Amino acid sequence: MDPSHAPPAASEAPPAHVIDAPVIETRALTMIYPGDVTALDGLTVDFAPGVTGLVGANGAGKSTLIKILLGLLTPARGRAAVLGRDCATEGQRIRTLIGYMPEHDCLPADVSATEFVTHMGRMSGLPATAARERAAESLRHVGLHEERYRQVGTYSTGMKQRVKLAQALVGDPRLLLLDEPTNGLDPAGRRAMLELIARIGAEFGISIVVASHLLGEIERICDHLVAIEGGRLLRADTISSFTQASQTLVIEVEDGTAALRDELSRRGLAARTYQRSLLVPVGGGDVYDVVRDSVAALGLPLSRMEQRRHQIEELFRDDVEAADAR
Amino acid sequence: MTAIELRNVSRWYGNVVAVNDVTMTIGPGVTGLLGPNGAGKSTILHMIAGFLQPSRGELVVGSRPSWQNPAIYRRLGLVPERDSVYAFLTGEQFVLATAKLHELADPGAAALRAIAMTDMADAAGRRVATYSKGMRQRIKVAAALVHDPEIILLDEPFNGMDPRQRIHMMELLGKLGAEGRVILFSSHVLEEVERLSGTIQVMVAGRLAASGDFRAIRRLMTSRPHVFLIRSSDDRRLAAALIGRPEVAAVELGPAGLQVRTSDFGAFCAQIAVLARDSGIRLRELLPTDESLESVFGYLIAN
Numbered sequence: 001m002d003p004s005h006a007p008p009a010a011s012e013a014p015p016a017h018v019i020d021a022p023v024i025e026t027r028a029l030t031m032i033y034p035g036d037v038t039a040l041d042g043l044t045v046d047f048a049p050g051v052t053g054l055v056g057a058n059g060a061g062k063s064t065l066i067k068i069l070l071g072l073l074t075p076a077r078g079r080a081a082v083l084g085r086d087c088a089t090e091g092q093r094i095r096t097l098i099g100y101m102p103e104h105d106c107l108p109a110d111v112s113a114t115e116f117v118t119h120m121g122r123m124s125g126l127p128a129t130a131a132r133e134r135a136a137e138s139l140r141h142v143g144l145h146e147e148r149y150r151q152v153g154t155y156s157t158g159m160k161q162r163v164k165l166a167q168a169l170v171g172d173p174r175l176l177l178l179d180e181p182t183n184g185l186d187p188a189g190r191r192a193m194l195e196l197i198a199r200i201g202a203e204f205g206i207s208i209v210v211a212s213h214l215l216g217e218i219e220r221i222c223d224h225l226v227a228i229e230g231g232r233l234l235r236a237d238t239i240s241s242f243t244q245a246s247q248t249l250v251i252e253v254e255d256g257t258a259a260l261r262d263e264l265s266r267r268g269l270a271a272r273t274y275q276r277s278l279l280v281p282v283g284g285g286d287v288y289d290v291v292r293d294s295v296a297a298l299g300l301p302l303s304r305m306e307q308r309r310h311q312i313e314e315l316f317r318d319d320v321e322a323a324d325a326r
Numbered sequence: 001m002t003a004i005e006l007r008n009v010s011r012w013y014g015n016v017v018a019v020n021d022v023t024m025t026i027g028p029g030v031t032g033l034l035g036p037n038g039a040g041k042s043t044i045l046h047m048i049a050g051f052l053q054p055s056r057g058e059l060v061v062g063s064r065p066s067w068q069n070p071a072i073y074r075r076l077g078l079v080p081e082r083d084s085v086y087a088f089l090t091g092e093q094f095v096l097a098t099a100k101l102h103e104l105a106d107p108g109a110a111a112l113r114a115i116a117m118t119d120m121a122d123a124a125g126r127r128v129a130t131y132s133k134g135m136r137q138r139i140k141v142a143a144a145l146v147h148d149p150e151i152i153l154l155d156e157p158f159n160g161m162d163p164r165q166r167i168h169m170m171e172l173l174g175k176l177g178a179e180g181r182v183i184l185f186s187s188h189v190l191e192e193v194e195r196l197s198g199t200i201q202v203m204v205a206g207r208l209a210a211s212g213d214f215r216a217i218r219r220l221m222t223s224r225p226h227v228f229l230i231r232s233s234d235d236r237r238l239a240a241a242l243i244g245r246p247e248v249a250a251v252e253l254g255p256a257g258l259q260v261r262t263s264d265f266g267a268f269c270a271q272i273a274v275l276a277r278d279s280g281i282r283l284r285e286l287l288p289t290d291e292s293l294e295s296v297f298g299y300l301i302a303n
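Here the protein sequences come in this chain order: A and B.
Take the first sequence: its position 213, counting from 1, is numbered 213 in the working numbering, and each next residue is one higher.
Take the second sequence: its position 161, counting from 1, is numbered 161 in the working numbering, and each next residue is one higher.
Bear in mind the hints are in silico, worked out from the structure with no lab data behind them.
Possibly wrong hints are sitting among the right ones.
Unchecked claim - With a straight-line cut-off of 27 Å between C-alpha atoms, the simulated DSS-like cross-links for lysine-lysine are:
{"hint": "1", "chain 1": "B", "residue 1": "K133", "chain 2": "B", "residue 2": "K175"}
{"hint": "2", "chain 1": "B", "residue 1": "K133", "chain 2": "A", "residue 2": "K67"}
{"hint": "3", "chain 1": "B", "residue 1": "K133", "chain 2": "A", "residue 2": "K160"}
In this text the structure is predicted, and so the values were computed from the model without any measurement.
Extracted from the complex, chain A is given alone in its bound form:
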């Protein structure tokens, strides 16, 4: 092992720069496909350790980025590094450090999950016995028990997604790349998959990149968000910076919304109706008392009152609602 990468003594915590070093770095990364199709256009971004959501329009360059990070595509210009290793020259080494869960259905139908995941463990360089043990452990982690001896072709979508996750985990990776992990799952399956991903991130301390179109999912399980558009960086930041409280109070009453709006305006508060809610700008603390007293005076059933939060979705909206929420 390279001496500069020697593990710290057990009693010491790793130095801060090791913890904070980005797991993925790209610098002016550009990819042009034959026919002059630009998939990435000078993308410069760092992915911090932890769980990061990767979002972007279809065609924004997400898949291209993933292929470059795996060392399967050579960029036209710029560079990318995963865990400090250059993607163009150390692709094979990177692939031993990454677990990758592809989006598309890629499982062979006529082998059992145990056989398949063991095989993937062998391919990642594990000896036969270790591969078998690690496969059993990964399958247990993703919640596949007796079914793991059955042929994959007989599995439901949810079970197949779990097998795909298990094969990504089998090589004991330091980074997981998950491409649309909840695709095709029903609500219970989605929730189970999200909990699993959050648990892997928290318990194993593995950094995870989750590519998804579902911003609600990203908000639920990720610490950071990287948004790309047209092959460029749209924004990279912590999730909490996207979802800060705004200076708007959301009020919901079970009935009498119009009466409440009139009463608020009589008391000098300009309320705006939005779907089932009334929106009131928060000026000072008095606003809360005016709302409380108006609701009480009219005897209305108050079911919600909260400061509106910004939503990640505003990144992709350019209409009035988003502007008003600011």
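Guided by the hints, dock chain B onto chain A, whose structure is given.
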């Protein structure tokens, strides 16, 4: 006008019962069709669309059965879940072909209108083979809308769409529903269903588990206490006042505020502002924690 009506409809495949004695009515506006995988959602959509005959029961669209009744296709548009698009056609050719099959008076204009509605004008000249999944979905929606149908059935229309496309499709369906069309769509993404429509039909294991406005459904679950989070200027004093109320079952005082359990949602909501005002306590936040569609759906599945 009632648009779609199922009366005691069952459908089985051999010994497998996919839909079991379902009675439902779907009127104008947007309705979400929900349920776990294998609950019978697609079978319901296919029966409504006239592709499958009910094994038992009665299913009418407008006032006539949809089975062996091609006339309904003048009024009904279907967006199937599968990629049912010819890859060698351009998007425009595909939508135009659909318009011609409907024998529309001006198929070219109809195709252009449908393509514009789904925001596909820029890509309509490209072959479908080059489309992303979200674009294939949208061209399928354009084809389903080309004859301006009153009834639109969509099986997982948001699948594969990116955030912008999802926003656009939600707005489009909302607009079509507001025009008085009958929109029935299935989806697994409950946040989106909640935003698009409060009206749901929930299938569990082939049966209809619940139907109507999800908030009203939640109110009927009296065995599940409602939980609110409250932050105020004096949580301890508010807690004392709350626990004196008959509709409050439990109050927990924590660093983040008060957690209040109530068995009577209506009575609690009607009292909370009065109680705070009379105690001279400022209410900063009142959050219902298990009223979302996700909670309601979870409870329905668990039952």
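Hint check results:
1. B/K133 <-> B/K175: The hint holds at about 23 Å.
2. B/K133 <-> A/K67: 19 Å, holds
3. B/K133 <-> A/K160: It holds: about 20 Å lies between the C-alpha atoms, which stays within 27 Å.
Violated hints: none; the structure is consistent with every hint.
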